[in-house]
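Engineer: Chain by chain, the residues run as shown.
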Amino acid sequence: MSQVDTSLSLANPHPRNMSTSQKVFLALVGVAITMIFISLFGAAATREATFLWTILGLLTVGGVGYTWETYSHEAAGIKNNGVWFFSESNRGALGWIFGVALTAFYISLYWFPEWLGLNSEGPNTGLIAVFDPLSKMLSGNPASQWFVYGTFYTISILILGVKFIWKYRHSNYHKIRTLSIMFFQTAFAFLIPEFMARLNHQEAIQATGVSVPYYDLKNMWPLNYYNFDGYRIEAMTNDGLNSLTGNLGFIMLVVGISSIFIISPILTYFFGKRWYCSWVCGCGGLAETAGDPFRHLSDKSLKAWRIERWLIHGVLAFAVIMTVAVVFSYLNQHDDAGYWITKEIFTAMVSITLLGLTALLWLRPKLFSTISPNVKVIASIIMVAITGLTIQALFASNGKIFFMEDTYPLRKWYGFFIGAAFSGVVGVGFYPLMGSRVWCRFGCPMAAILGLQQRFFSRFRITTNGGQCISCGNCSTYCEMGIDVRAYAQRGQNIVRASCVGCGVCSAVCPRGVLSLENGPNTGNSRMDDVRY
Amino acid sequence: MHVVIIGNGIAGVSVARHVRKLDSDCDITMISAETDFHWSRTALMYIYMGHMTFENTQPYEKFFWAKNRIKLIRKYVTQVDPEKRTLTFSDGDALPYDKLVLATGSSPNKFGWPGQDLAGVQGMVSYNDLQSMEEYSRDLKHAVVVGGGLIGIEMAEMFHSRHIPVTFLVREESFWNRVMPPDESAMINREIRNTHGIDLRLGTELKEILPDENGRVRCIITNEGEEIPCQFVGLTAGVHPNIDLAAQAGIETHRGFLVDKYLETSVKDIFAVGDCAQLRHPASGRRPIEAVWYTGKHMGPVLAQTLVNGHTEYVQKTWFNSAKFINLEYQVYGDVASEIRDGERHLYWEHPHDHKSVRIVYNAATGIVTGFNLMGIRYRSDVCIKWIESQASIEEVLQNLGAANFDPEFFRSYERELVRLYNEQNNTDLKLKRKKGLRNAFAVLKS
Ligand SMILES: Cc1cc2nc3c(=O)[nH]c(=O)nc-3n(C[C@H](O)[C@H](O)[C@H](O)COP(=O)(O)OP(=O)(O)OC[C@H]3O[C@@H](n4cnc5c(N)ncnc54)[C@H](O)[C@@H]3O)c2cc1C
Ligand code: SF4
Ligand code: SF4
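Chains as they are written, first to last, in numbering that gives the first Met the number 0: chain A, 0 to 532; chain B, 0 to 446.
One or more hints might be untrue.
Claimed, not checked - Heads up, simulated DSSO-like pairs for lysine-lysine below, C-alpha to C-alpha not over 27 Å straight-line:
id: 1; chain 1: B; residue 1: Lys260; chain 2: B; residue 2: Lys430
id: 2; chain 1: A; residue 1: Lys78; chain 2: B; residue 2: Lys323
id: 3; chain 1: B; residue 1: Lys445; chain 2: A; residue 2: Lys365
id: 4; chain 1: B; residue 1: Lys20; chain 2: B; residue 2: Lys260
id: 5; chain 1: B; residue 1: Lys83; chain 2: B; residue 2: Lys260
id: 6; chain 1: A; residue 1: Lys365; chain 2: B; residue 2: Lys20
id: 7; chain 1: B; residue 1: Lys83; chain 2: A; residue 2: Lys302
id: 8; chain 1: B; residue 1: Lys140; chain 2: A; residue 2: Lys174
id: 9; chain 1: B; residue 1: Lys323; chain 2: A; residue 2: Lys302
id: 10; chain 1: B; residue 1: Lys435; chain 2: B; residue 2: Lys316
id: 11; chain 1: B; residue 1: Lys61; chain 2: B; residue 2: Lys83
id: 12; chain 1: B; residue 1: Lys316; chain 2: B; residue 2: Lys109
id: 13; chain 1: B; residue 1: Lys434; chain 2: B; residue 2: Lys385
id: 14; chain 1: A; residue 1: Lys78; chain 2: B; residue 2: Lys355
id: 15; chain 1: B; residue 1: Lys109; chain 2: B; residue 2: Lys140
id: 16; chain 1: B; residue 1: Lys140; chain 2: A; residue 2: Lys78
id: 17; chain 1: A; residue 1: Lys174; chain 2: B; residue 2: Lys435
id: 18; chain 1: B; residue 1: Lys66; chain 2: A; residue 2: Lys302
id: 19; chain 1: B; residue 1: Lys61; chain 2: A; residue 2: Lys302
Keep in mind the hints are simulated off the structure, nothing from the lab.
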């Protein structure tokens, strides 16, 4: 057994006791991974459909079998024995190897798909060619790197979702929530887009989908920022709004934006942001399933919380600026298209929203009492500035918004830093090093919006059971969002943190039954009243 | 004013924090020989089991102490001189104080067993104990745990988590049956027996511990004469207060430092809190020493008031406690004895095949509810305590029972079963009026 680097590792702390059948199932997964590697070198045999089915079959049988063997012999309950002793889950050598491999995969996915076998001319080779048969079956098209990624992603959520359910089988909350994640990933993010592609015309896909990394139907603005990309490309190639796909693109845009303003606030009001972040979202889905063994690696320090708030709200501001710029300049160029939304209406919408929020911030001081005055000032300045500059653009003769000729660089940089580097490479590649929700916590602009809603306009909170807390720290340790749950629980205070995704794991691991995720009204009772952070 | 606190456990820390809240000027010094920073002793098992690191068990980040100007000293106090108002450390240094708070905690009991001081024989209370357990675990083939209390079962689970077979000697005929009613106690027995690798020996006592040639434990002999080979013996038969400092300082003691209702000892300006404090006048039905986490936590703010704003009485709050036996959670609110006392009735419901139960204790004549005992089901502290303190009747409680449910969402709830059981036993026709939910809980709390 490996010598482990923990504060107390005087001995071999935790023999793993792997059974023979566990080893056999792990070996099956190993074979599948080896086959994936072999395919990178492009032997013709790897392009047979049977090769792909063998890989997928081995992954499924191996993964589910291993899970079964691991948990079925133990009573239901918390399964964290040895978590900090194992090299893969304590930032040991295995953790680093795993992290580097994942990161490399993401880098090739985003920037060097040719390494995976995507060829600009001619048919796919390598790993991507392996997935051609499945892609053709679903959408009729050859696979892209995004299809390969989507398949791996979905399979991970499914297999590791089974693992999660089995691991937390004493909790109905976790069982139901995980089934929901598995369903939304498989149906909305994977199958339906592929079937839609099949129904649609080939060129339409080319037009709307070509540069769309991992097109996901359940994504709302600002997660689906790339809709603007596809839309723009389409608009340029297809002569504007009259074509079917053009309207479709635009409708999706409007639906995407309105869902963040209508559907989401309603659901978040009643249930907290968890309805999306840990029940529906794909990023959240992967974090909850594949990321579960790493959840304790999130940083719980006050410093990390401080960085988190600047970063995530910074990304949100970036997303707002980019969206306003892109939509405005599009409308500006298509001023005569006769569409119901004009740049005047758009400017009015932006102004009302941002100025309304600014006014709220200052007119309801009690509601926002936990925000520091400095932060209020900065937020107000940003919102007023965006409004002012949009109005300025409306009256400017040159149509420049934010003094930019072309909004393309803005989108490009957003796509590079936020869409790819942050959400993919850091967000998933760093699971074994920084925990499973790095992206959700520090970078996701959707989480930022939902978080603000959760903090100020929601009935959700985690209630603390009187004085029962023994300050043990399990809740804080296993909070993937790095929330120091204990800090509130030991004071008998209910917990409403903007970042809480309502995964429910703090409540599950608490050995004293102190925490419960609940939706309900506020009271006049001072201890029961929540302090909202 | 200089407040000096000996002990950085929950009791000492609670005093320090609340003194600072009330008085931003005074000097506060907190001394401990055990660790640099406060950690949660209650989480000791989770470090050994690999659920948490030692750092994870520290509730406050390092900057907290400097920010709140709580000076930390890691030294052992050997003497207190009340005349000169000075402490002496083992290294000879001295420290003056104006007010002294003893929060020295407790140590494992040893009952004079032959061989109790051998290598590989120890209790489990301090960080040091954890480290030596870790060291002895290195070549451990078999462990024995002696004493069927809350720490004993934690120790058994710890070894179990590392696949080290353990024999668990419990003197009583059923686990913790001096505290738990027979049904719940039997349920815990079953829970332990279901855990493969823990050999529970009820009604069995330790007679002696025998050494090998190196002075390390080789085996134990039970009162039945059985020899059990082992390389580690955990002594978990309760704890006693650390009162070594008393004698020389002239502080009156019995089992702990004796304190009045203001938590002051017999010596002026010396106070005691937490595990080491023994109340001269405990509330009726309550023990004078309650060596649990919550005692230190409740005493801290009260003593801080006394120190800063003048004498404030410490009143024992309605009793509650909780624990976890392997996978089985336990909560108690109010007064639940191990037997049905005169004038008392118990409504006890147990799940037919799962480890879940609810016991509600009430007065046979008046129907006033005095206690809740829960296994495998979580109840809401505020609601149960409100019912107990407002002397709610069993029928009122049952009809509103859903308001007390604190299990996670989507868990099956069993309030109806309790109401039905009561109706059967009493020929009544009560209906469950309030189901589980925050709104219902608030309604009860406001009423
Ligand atoms: C393994 C374990 C699990 C537990 N689980 C629970 C639980 O689940 N629920 C519950 O309610 N209770 C639990 N308890 C009991 C609870 O931890 C104690 O009641 C509580 O920690 C007592 O706190 P305290 O501050 O009074 O003393 P302690 O935490 O014992 O602190 C006393 C400190 O003073 C130091 N000290 C003593 N004398 C000197 C000296 N002369 N010089 C310098 N330093 C000195 C000691 O080294 C120690 O650091 C558990 C205890 C243990 C050991
Ligand atoms: S606070 Fe609890 S429910 Fe919220 S994210 Fe953290 S662990 Fe999950
Ligand atoms: S896990 Fe439970 S007992 Fe432990 S610190 Fe968190 S709330 Fe408190």
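Engineer: In ascending order, which of the hints set out earlier in this document are inconsistent with the structure?
Structural biologist: 1, 7, 8, 9, 11, 12
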